[in-house]
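Participant: Residue numbers (numbering that gives the first Met the number 0), protein chains in the order written: chain D, 0 to 620; chain S, 0 to 620.
Hints are not guaranteed to be accurate.
Copies of the same chain look alike in the list, so a pair counts if it fits in one copy or across any two.
Here are the simulated DSS-like cross-link-like pairs (lysine-lysine), alpha carbons at most 25 Å apart as the crow flies [stated by the list, open to error]:
1) Lys-361 - Lys-101
2) Lys-101 - Lys-353
3) Lys-599 - Lys-611
4) Lys-320 - Lys-347
5) Lys-361 - Lys-252
6) Lys-465 - Lys-252
7) Lys-252 - Lys-279
8) Lys-459 - Lys-446
9) Lys-339 - Lys-320
10) Lys-347 - Lys-335
11) Lys-361 - Lys-297
12) Lys-508 - Lys-599
13) Lys-279 - Lys-268
14) Lys-508 - Lys-465
These aren't lab readings, by the way, just hints derived from the structure by calculation.
Residues per chain are reported as follows:
2 protein chains.
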Amino acid sequence: MAPPTIGWTISQWREAQIASTPEEAANRVLDLVASFDKSDPAWITIATPDQITAQFEALTKLGKDSKDLPLFGVPFAPKDNIDAATFPTTAACPAYLYDPEKDATVVAILKAAGGIVVGKTNLDQFATGLVGARSPYGKTPSAFSDKHVSGGSSAGSGNVVGRGIVPFSLGTDTAGSGRVPAMLNNAIGLKPTRGAFSATGVVPACRTLDCVSIFALTTADAQLVFSIAAQYDEEDAYSRHLPSNLLTSFGPKPRFAVPDKPIFYDETKNPVLYAHALEKFADLGVEIVPQDFSVLYKLAACLYEGPWVGERYTVIADLIKSNPEAIDPVVLGIVKQAEKFTAADLFKYEYLRKDLERAIQKQFAGIDGFIVPTAPLNPTFEELAAEPVVVNSRQGTYTNFVNFADMSALAIPAGFRDDGLPFGVTLISGTFNDYALLDLAERFLAKSPRRLGNTEIYTKPGVDDKLIPNIPKTPKAGGTMQLAVVGAHLSGLPLHYQLTELNAQLAFKTTTSADYRLYHLANTTPPKPGLRRIIPGHPELVGEKIELEVYDIPSANFGAFIAQVPPPLAIGSVELENGHWVKGFVCEENGFDGAKDVTKFGGWRGYVQHMKHVAPAKKPF
Amino acid sequence: MAPPTIGWTISQWREAQIASTPEEAANRVLDLVASFDKSDPAWITIATPDQITAQFEALTKLGKDSKDLPLFGVPFAPKDNIDAATFPTTAACPAYLYDPEKDATVVAILKAAGGIVVGKTNLDQFATGLVGARSPYGKTPSAFSDKHVSGGSSAGSGNVVGRGIVPFSLGTDTAGSGRVPAMLNNAIGLKPTRGAFSATGVVPACRTLDCVSIFALTTADAQLVFSIAAQYDEEDAYSRHLPSNLLTSFGPKPRFAVPDKPIFYDETKNPVLYAHALEKFADLGVEIVPQDFSVLYKLAACLYEGPWVGERYTVIADLIKSNPEAIDPVVLGIVKQAEKFTAADLFKYEYLRKDLERAIQKQFAGIDGFIVPTAPLNPTFEELAAEPVVVNSRQGTYTNFVNFADMSALAIPAGFRDDGLPFGVTLISGTFNDYALLDLAERFLAKSPRRLGNTEIYTKPGVDDKLIPNIPKTPKAGGTMQLAVVGAHLSGLPLHYQLTELNAQLAFKTTTSADYRLYHLANTTPPKPGLRRIIPGHPELVGEKIELEVYDIPSANFGAFIAQVPPPLAIGSVELENGHWVKGFVCEENGFDGAKDVTKFGGWRGYVQHMKHVAPAKKPF
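All chains should be built: construct the whole structure from the sequences, respecting the hints.
Facilitator: Structure (structure tokens):
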């Protein structure tokens, strides 16, 4: 019997788990795991009841209230090339199996946030493939059809999310392995910027390119997992700090390039859905810019034609020499190609890659990103068996170049074909634009109900895909500063966009201490207030508390903000109700000349509403 | 007869050339070139009179006043692996010779600034070596001794600057080729951050690591050439934009690491001079931090032991196959080692390199840079002939790791041994700290007269090495903001260091418009003023002009600056004498309560001096 939790999002899981007793919470996951079928090719290892219980006990030992854990009791599934303590790691090669000493760093982070590992998922062996059929643990089908592939290499992780078994899973994505299975299972696939997630404890494919990736049912869930797991790892030389000025939105009128001649290899259903998706993006205000994608395809070709297979070779060189029969023959054939490449060949390709990267920068200057089909085809196992390498290669048409060019990518559902199979598109943008991609995806997905994976559950528009607005918390080390605003920058008022543009995040709402008065300054457009601190010993000025909002602004953006502040306003220091001081809007003395005292309205918003009410015909705003 | 220009710095050359008629200016360079000896091994090609005349004519055609050209009529010499139009490029291999269609980009930039190419200099063939003896065009000696090597690979470029023939020359530096010859010829050798100079038109050695470098007689000249030539080149995929927040000084108390057990291979004179140099740096306020340098040596070893010779192989692969006899046998032996490395080997080394880079970051966190011997030895040709590879390898002890770790480096003279040979040290710091290295070198060199190269000319302390303070102009695109300061941030006053720390540059000095008064605020430490703008129609406040200084601050650093501003001060807008408005210090009204009007002193500095004078016993500051 299917457990009642099928198709639950992270927030549904978490709400239910927090509302439960510890036993109920554990039992909910134990029931889920009990429903798994050992012959299901999506799983390589299924958690035992003891492994589940032990994870809940470990959460208890953390000593935190479950409400403080953003993933409390939420099940998830790492791909089996990512270490999870007490589970063997196989990379889909029994001869490679080892028992890891500890969790991969990204798994440890998610478990510390409350997540429960319920099993390890199947993959194209050593993450070499985009099909999901290159595994001795079975060929993983799409959640929609036993005859069609799940896509790879993260075949199992895509499948178990597409079926709604877990609300999220981890994949890895070097050449598209986190995106192609997302399309073929009607899921969200977020391939973070290289280095955003730690790769410590992950079996490398191409270590210079690998990314741990997220499969989820909704953009909100992908965003939540990203915000938790994107942490710098000192132990991983390829790990990177998130910048302090992360882009969170492309704004209302982004420009996205699309291939002027999309390649679908004579497939006829997907092009229709792709065109529909582009129309929908255009309706959202996205400027669709058709471009020649040749330079991107050239870059993509470097990956499998060029010497980067040498990276895969370093991982299994010993096995190739000692026990080549233990390796999937297709995988072996691909990786052994590395033997023909010299170091000098690699340098020649690296120069080519760098030149292509520069050519891409030039051609696509002024473009916010790309919207491409996630994959051109929905292959059957039969088609794959006939041409195992060709089909695999075609599926990477729109994915292979992304990590080479150091881009972020987000695969999202884009409707169903008349044969019931899902299609998807991928949004691609620059380094560390992960959050901005999610923002655009939310706008695309949140307009109408859509089916979650292959479940019978449909989203509530504006709810399930809704992003949490105060994510990201930019890293404290990167540096944010708090700024108190009291006037036209308050949320909903005319200058609020200046904060949004600079990636400011609302920290909290409060009031000043009781030592201020507020004035409507003369001759200001849009109308602006001035905050005036009372002077001790001058009883003619009686202070009151004034409404304000405090925003976190990336330090690097503070200068750009201040450049927009006109006299007599200035950025000084403001005392809050709790006695703390933060940077905030103040006003020079000369500004109060001819100004109108509006203190009695408690704040600028109250005064604005009052003015609208009493004098609507004047349209002062 | 030696021309009178021997030992002239760039500014001496430029002053003389600008003061001359066009004919005199050209003749000065023609006389110089006429003095060159065709058998001099420092030169591969010497400019003909026609080539000199043509370059002066080209300057005339630019239509600029010679005063606008910072290098007007100044002779310089590019290494012969850097293209200069009308000169053949050989890379010290006659079989490789070609006639370039145009100048290398960096040569074109310097010629457009007024520089005159007077010849192409000798090098270790294909820039493979640190000795200067691997060339069919002759073995280049040190400027100080025919028995001692000039060092390489930029042997000729180091030699002609050390002899004072040209005030500056261009080298290339992959593993130390721009630094080792600087020491052995008693010159300045600036190896810019990778990508700061265009490599378009330069014969690659290791394209991922190569840097065009500068030899000069003084820090001021090196700075000037860097500031002119460091320009982004869209045609060079490895070119990089200078960041907007370039560090220009390490501040008064920098921390520099030195090897706890410096390696000199039993040489006994250089260790004494190295110790003296470190003492002198300590006297300047530099904290000398002895450290284990093992991780740096491991990184250095990757360069010649590892597969990076594969990059050199790509450059001459055709020649190795078609005409190996045309290649210097030592160079051939080194480059052919590339054949034994596979692409997979290179990836293994690249992972090692990345891990070592991370280990260096960890170990040297909080350290501003390194001070190392430029090279451990001053080898003779005899010593080199006995052990050609070992001696070469030892000379790279302190240079090989620098480009791998993406660092900037500056080789400077550090005195003479009792045998009359020069010794030098190299200052090394992070990416794009080139200007800050020059600043520290100026402090080291400007204290006492020193001999320029092997000339009989000695510097005037505080003059010849003095850096131009308004360089760098950070790129406008990167973004700086102007800030007017009126109080304790003025130059020489207690809070000025807050500006220096954030890489602020003085833009200009002026006064406010005549609409301000200045107050000494009560209860401020250090004492601070408040600027008060008068209120029209309030005749009791009569405005005056107040002294101020306007600084360019990188926008990205503005937030960090504002974080340090206490109430009642704020950053608002200030009207200048010329009617323009800039961001600047203002003060909330409540701050003037109990404050003392000090307007009559014309500014805070005048008031401070007055207070020191009238009340020295009180020590108010």
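Participant: None of the hints should be skipped; say for each whether it holds.
Facilitator: Structure-based check of all given hints:
1. Taking CA atoms no more than 25 Å apart as the test, Lys-361 paired with Lys-101 passes between copies only; the shortest distance there is 23 Å, against 44 Å inside one copy.
2. In this assembly of identical chains, Lys-101 and Lys-353 lie within 25 Å of each other by CA distance solely across copies; the values are 23 Å between and 37 Å within a copy.
3. For a Cα distance limit of 25 Å, the shortest separation of Lys-599 from Lys-611 inside one copy, 16 Å, qualifies, whereas the shortest one across copies, 48 Å, does not.
4. In this assembly of identical chains, Lys-320 and Lys-347 lie within 25 Å of each other by CA distance solely across copies; the values are 17 Å between and 27 Å within a copy.
5. For a Cα distance limit of 25 Å, the shortest separation of Lys-361 from Lys-252 inside one copy, 21 Å, qualifies, whereas the shortest one across copies, 43 Å, does not.
6. With identical chains, the CA atoms of Lys-465 and Lys-252 are at most 25 Å apart within one copy only, with a shortest distance of 20 Å there and 51 Å across copies.
7. Taking the shortest Cα distances, Lys-252 and Lys-279 sit within 25 Å of each other inside one copy (14 Å), while across copies they are farther apart (59 Å).
8. In this assembly of identical chains, Lys-459 and Lys-446 lie within 25 Å of each other by CA distance solely inside one copy; the values are 9 Å within and 74 Å between copies.
9. For the homomeric pair Lys-339 and Lys-320, the shortest alpha-carbon distances inside one copy (16 Å) and between copies (18 Å) are both at most 25 Å.
10. Proximity of Lys-347 and Lys-335 under a CA criterion of 25 Å is satisfied in both settings, with 20 Å inside one chain copy and 16 Å between copies.
11. Only within a single protomer do Lys-361 and Lys-297 lie at most 25 Å apart by alpha-carbon distance; the minimum there is 15 Å, versus 38 Å between protomers.
12. When the C-alpha separation of Lys-508 and Lys-599 is checked against a cutoff of 25 Å, the pair qualifies only within one copy, where the shortest distance is 19 Å, while the shortest distance between copies is 44 Å.
13. For the homomeric pair Lys-279 and Lys-268, the shortest alpha-carbon distance inside one copy (17 Å) is at most 25 Å, but the shortest distance between copies (76 Å) is not.
14. Within a single copy, Lys-508 and Lys-465 get their C-alpha atoms as close as 21 Å, which meets the 25 Å cut-off; across copies the closest is 53 Å, which misses it.
The structure is consistent with each of the numbered hints, conforming to all of them.
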